[in-house]
Every structure is written in structure tokens, then in C-alpha cells.
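S.K.: Here are the chains, one letter per residue:
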Amino acid sequence: MEFPHHLKVQSGNAMNASDKQELQQTAIRVREHIIRMATDGGCFIGASLSCADLIVYLYSRVLDISPQRVSDPGRDYFLLSKGHDVPAVYGTFAELGYINAARLANHLHTNDSIYWHPNRDIPGVEFHSGSLGHLLSVGIGVALDIKLRKTSNKVYVMLGDGELNEGSIWEGCLVAGAHGLDNLVAIVDRNGFQANMRTEDLIPLEPLEDKFTAFGWSVRRINGHAYEEMEAAFTGHPFEKGKPSMIIADTVRGKGLPSIEARPDRWFVNFTAEEIDMLLDELHGIGDAALKSESLYVR
Amino acid sequence: MTYEELLRAITAEDDRVVIMTAENRAAIRSLQPHLGDRLIDVGISEMTMIGAAAGLALRGRIPVVHALATFLTLRAFEFIRTDVGISGLPVKLIGAVPGFLSDGNGPTHQALEDIALMRGIPPIQVFAPSDNDDMLAALPHILASPDPAYVRFNNMPAHVVHTPFKIGKAEVLTEGTDVAILTYGFLLREVLAAETLLRAEGLTCRVINLRSLKPLDEEVIASAARDCTLLVTVEDHFVTGGLTTMLAEVFLRRRLIADVLPIALEHRWFKPATLDRVLEYEGFTGSALTVRILRALENDRRKGPILDQMSSLFKTYL
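Residue numbers (this note's numbering), protein chains in the order written: chain A, 1 to 299; chain B, 1 to 318.
Now the stretches of chain A that chain B is said to cover, found in silico as 3 or more residues with beta-carbon under 8 Å:
hint, segment
1, 102–112
2, 121–132
3, 164–177
It is worth saying that the hints were derived from the structure and are not from the lab. Backbone N, C-alpha and C fix where the C-beta goes; we use that ideal spot for every residue, glycine too.
Chain B on its own, in the form it takes in the complex:
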């Protein structure tokens, strides 16, 4: 099933749902003939779109709103916070090409603070599906929720079979106690590749697809902090306001302590290029993540015995 097919089914079933876009039609190109007036394209006017979405929601509609993640969450930020946030109206914000997915566009298009911004607005829920299957499983729940929501759009093909989706719940894809990797969005693909490599090194690795970033699955994070030697966060987001911040909030609230390796963008935009070149350059491929994780373990002498088992392949990188 595609995103468009799902929206067609939902709009056919529930006439409260309307689809809006600021002339970003890549994800909804085929809908116009089926939706007619219920597809509202306001042109490249993100602020007007959000105000209008609030007006539609005020009249009982559930607007599903599309724009590039950066222009949606940044240009229209005050409209989202004021018209959608303060009202708490069920406007569903769909941000396209978030994070690394803006590949060759450059910093103007790099949504790397979208999650920090959206989770900072009191009633807004935040979701970052790892692939198309994950997104389609989540959407009916997101649309059924009475709260406004922000979704990092991701229709890339799935590499795993997901567990059923529930708002506020993460999915644990592999079990392990040496390393726990917490991630969201399409980088799950690279994390799973890293898990395979780490397992080959004799390390057990717990891969956690967070999916729902707000509400956040605090239990799965607390368990990982208790069970695992090293926690690694992997995200295509600025380190500020992303997973490091979320973990810190959970740890402070629960008086937990853990060794955490944050893998994120450290106060800079990423080098624009095609996606594969970006991942290579920025060190987010499965093998680059593996090297970064092994290096973190090596730097902590308490974990020395783990490193003795490492293959020569990775020793050469360290």
C-alpha cells in the first residue's frame, strides 16, 4: 500500500479529513481526482496554510497538511504554535524530506531542528516512522488521535517486519545487553546494518525504533539504561533538542545514569550531496556507525574485554 492509497481510503471513510498542501505534491499527486475540493492547495504559502488548517479544524475538519519539513516547521512555526498549539486543534502536519532526506538541497532545506521545535509545543505529538510500512501503520492512529501531530514523512522501503504500532510505544527489534541503539526515521536501516556488524564482533546489541517521539516510550529507554553497557542515539537532527535531550529528561526524572554516545549533527548543517554520499561523508553508514560505537567502547577502559574480541577489520579503523 502507498501513502496516497491510505489517504484515499481514510478520506473515503471519514469526511472530516481534508488534505492540504503548500504546493508540495510529490506525496499526494494522484489524489486530486478522488478528493476534488477536499484537496486544498494554497500554493507556496505555509503560514496561510496553517492558519487555514486551524480554521478548518475549528469547523470539525481534520486537516492533513503537507509541506517540506523545514518550511512547515520553521517558516510557519509561530502559526503552528499559536493557531494549532494554543487551540489544540487536530491538525496533522506532514513534513517532507526531513533530516538527511533533503540530500543535495543545502542548509535552507535541512530540517534538523523540526523535532525539537514540534515537541516543544505543548499538545503536539511527534512521530518519525522508519519506513513506508512503519508510517502507514502509524497514520490511522495519528489521525484518530484528538491531538495535533507532526510526522516526519518517510516512504522509503522497509527492511524489517514491524510490530503493531501504538502511540507512545517503541519497538525493540533485536535483543542485547552490550549496546543499545536508539533511533528513528530512515536511519534505522543503517542501524540494523551496524547491529549485524557489531554482532559479528561478538557484541549483543538492542536496536530500538522509537517511532513515537512524543509521547516517548520512557520504559524502553529506562530498561535499556539499566540493562546495557552503552546507549547510542542515532538521529539526523541537531544534537540540541533531539534524542540526547529526550534521554536527559528521562534520566533526570527517573534518577537514572548511563553512558551515552550521541550520534547526531553537532551544531552544524550537513554537507549537501546525494544521500549515499551524505551518509558516507557524515559517518552515518552502518559501518561508520559501527566504528564510532567500537571507538566509544574502546575509550572506556572498563569495557576493555569486549574489545579484545574485535576482529582485525575494525581494529584497523580505530
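Just chain A, with the same shape it has in the complex:
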């Protein structure tokens, strides 16, 4: 099977219109995969959709990795700390040739290891997660070793904004700043929600740039659905030599599906087969999905 050849940003190829179109088409197919995983047990659909564009972009144009190099010590590392978004990663893996797309139908079956959080039985997954606030620390360890070995690969850690409640994140921010880990890039999927409500209504995070700056990071803020803005940020790091880089990506929870966008009650949902068909239509601009399934907030 031939997989599309993805030229990485860091090899110096500027994003042109056809690159952007390809990213958009891949992201649509990834969203289809995410929607299909939201039935027969359900999944964390809202947060998976918010970071889907970022993950497609990272694997397509930034990360120095390929399905053939998942064990290469010189690869870039991507760590999904907000593990409940793993449908976005698995959808991307299916589209970019890391796993066979047919495996996604095994979601929540005992014949495979595709469930609500990532695990290393799936090729390409660097580390398991699901318990929030762990992978920044793990990423720091990988980044420290890369420094020790004096190689040029990088570590990217995707954090959730709700996840920033966890104290371990702020310990990690202090430690990464103290060690000047400029080979470490953290991305906050700033979709504005934690499980049940808006972050600013519970444990306000803003001004977020100031917090990370004060902890020793170099910070940029972008629109996490705009590939041009991603391109500008991800080609420019480390933003400052000797400092870890933080990219706050403003996103929309449920992005791509108006019937669930930015709704606090559509975090984890187990849709019916009919609703899945409606959501797929909605994704492609054919009508609005009339959703009746009970909203499941917290697992």
C-alpha cells in the first residue's frame, strides 16, 4: 500500500495550497474515524475533535517520524498527555499508515487494544496515558536523555487545558524551565472546557501565557484550527534558545460538528448507530444531527 509522502516542515518546504488542502482532507477523514468510534460504548468525542487538526498537522508536517521509524531513537516523540483524545491519534495513524484502518472497528472489543486511552500495543503510541498530568514529566525525561546524547530530535507533549488543574503539570513546568529544555515543545489544546464546564467557570486559567512565561517557558498563542498559524509557530521553535517552548492552541471542543461544538454536555457520549450516520452527514455539511442520546459527562 502506498501512503502519501509527507514532506516535513523542518526539511524546509513551505506549506502551499495543495499541502493545506491535503491536510484538510486528512483531517476530515480523521474526524470520520472519531465519529465512528463514538458508538457501541462511546468515546471522548468533543476533546478528540478539538485537537484533530493539530495532530494531523504534527504527524503530517512536523514530527520527524514515519510508520517505518517508530522505534528509531533519532525520531521525534509525540506524547499525548490528555489521553482521552486518542481517537484523534488513532484516526491519524489509520490515515498515515501506522495502523490498518480496519482495526478501528475493534474499538472496545477484547480482540484488540483500542480503547478510551492510548497504550503501547498500538504501533506509534510512545506511552500510555489517561491519568492526567503524567506525560509532561515523561517528556522531560525523554528530552533530558536527548540532551545527554547530544542529538537533535525533539519532544512534543499535548496537554489539555482542564489537565492544567493537576499540580504535576506545574512541577513539570518548573523543572523543564530549570533545565532549559529547548528540545521540548508543549502544546495546550485550549478548547475552553474541562469535563463538565468551561475552565474559566471552575478553575480559571487565564492569563495562561503569563503563567507559563513566569515558569520559564517561551510562549506563543495560535488558532489550533488554522494551519498557517501552526506552520508559523512550529517552524520557529525553540522560540528562545535555552527555554522550553509552549504553544497555546485555541480550539473548539467538538470542532466540525455544530450540534456538539462547545457544548459542556457532549464530552463523552455513546451515540446510536443512527446518530453516527447523522453526525457523518453533518460533518459533510448535509443537515444537522438531531441527537437524542443521553449525555454522559464523566467516566
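Assemble the complex: chain A is given as a structure, and chain B must be docked to it using the hints.
M.R.: Below, chain B without anything else, positioned relative to chain A:
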């Protein structure tokens, strides 16, 4: 009655009770308008929540604290042991989706050592209700106790009518002398299904819902050890530190000996999937438990005559 209705009634009656959560609101969603400031959501900060609960308890409050069982008992473990355990303050810890109930979440969410950890902290009492009725019957007693407590939250529908709850007492749901099955939590449902199948095989079976794991009903365990041919423990917990350990402690203390079949997770996490698939895969459905129990009896030649009565259905599994 629901868990939320009970908490509403208790908080209305006793203003010492405050409800806390680390943004796990599934079990307490409707409470905010009724409780106002007495519902304290600290966000996803389990350690801070436990420290704050100890501070509230220091001021005379009885905090009822909610988080997923794994993050509550593991991430905040040292805070529970140090701030709640050493002080002995009456903080009531409610752990959600314990054991198999974390179904498709994966090992990060599988609380399979929570009971071992919580019972290891000197003043903490431990309870594992078998269903919603069992839990609601226990809660007023747990909240009235001056001790800290850990509860495996379980609001699944009841399949039996329970006897009145008392801290430190188990309930015996069926009588028998061939097999005694000791269990806790929602697996009672599967154990009762197994009891029906075993009875159809001509075996009498004593089903014991332990409910209160600390203090433990040692008398009911000692009686089962004396009366029954085989003791079976069924739990969604690691074998280490669970019922096998508890039984061993009781047997050593009382110089008892018995044949025990431990059915638990043997040093591994379970396969994540929807709950029905998990039970099937891991061999915890009523029929799978029955097969495992019959196989244990067959392996012990002293119990051979019992096996002669078995139906062909189960003989085909063995």
C-alpha cells in the same frame, strides 16, 4: 432513592457534611443548586482536595469526597495516609468506577489495589456495596462513624433484597455447605447467577456479601471455613491485598484451615472493553464462575462424589 437524594437529605439535616469533588460530577450532578457553597469542586486536583478535606474536617466538617477510585486512592495516596490517616479525621472517600466498572478506560483507570491500599491505613474503614440499595443503606452508618472511610461507589440496580446494614457485618444471602462464595461490589450479581447454576447441579451454595471489608466480619468467614467444602472468593481486585489476603489473616489469627479458590486478577490489569465483554473475557460471568468452581472441585478428588451429579452441560466445559 438515588445517591444524590440521600446526600441532599443528609446535608439538609447535618450542616457538618460538605460535598467535595475533583471535577467528577457524574454522581452528584444535581446537588449544586441545593448545596451552594457546601459543594466544593477543586477541579482535577486530587491531592489538594484531600488536604483541603482534612482542613475542613479539622474545623468540624464531615467532607464526602468524590473522585475516580484510581486517582483518589493512588494519586492522593500519601495525602490520604498522612493528612487523613494520621489525623484520623472523618473524611469520607467515595471512589467512582472501581474495579471492572472502569470498563473501556484501560489500566490507568483500573482501581484494582484500592482496597488493599485503603485497608492498610490504620483508621480507615472500607466498604464495597453490591448495588445502589446496599450503598444507600450503608451511607448513613458510614457518615455517622467518627472514623475516616473509603467506599467503592456502586449505583447499579439491586438484584436482591438486602438485610439491614451494620458496619462490620456481612450478609448471608443463601445457605449451603458445599461451596461458600465470598464477594463484594457489583460482582454479587454474577455470583448469584453462579449460585443458581450450582444449585441446579445439586450443590448447595452459601453466598456471602461482605459489604464491610474493614472492619471485616470474621465470624461469617470462620463459619464458612468450618461448614463448607470449598471457599471461593470473587472480587474485581488484584489477588494481592484483596480477599485472599484478608482470609489468610483471619485463618492465621484463628488457626483455621480451608480449601480456598481465589477468583481475582492475578498480577495483571484486565482487558479494557465494554463491561459485558470484560466479564466474558476475564471469566467473571455467572456461568464462567460456575465452570471455574466446578473445575476446582473436580481437581480435588476428595470431592469427587459431588461431581458425579453434574449435568452434561458443565461436564463439557471441564
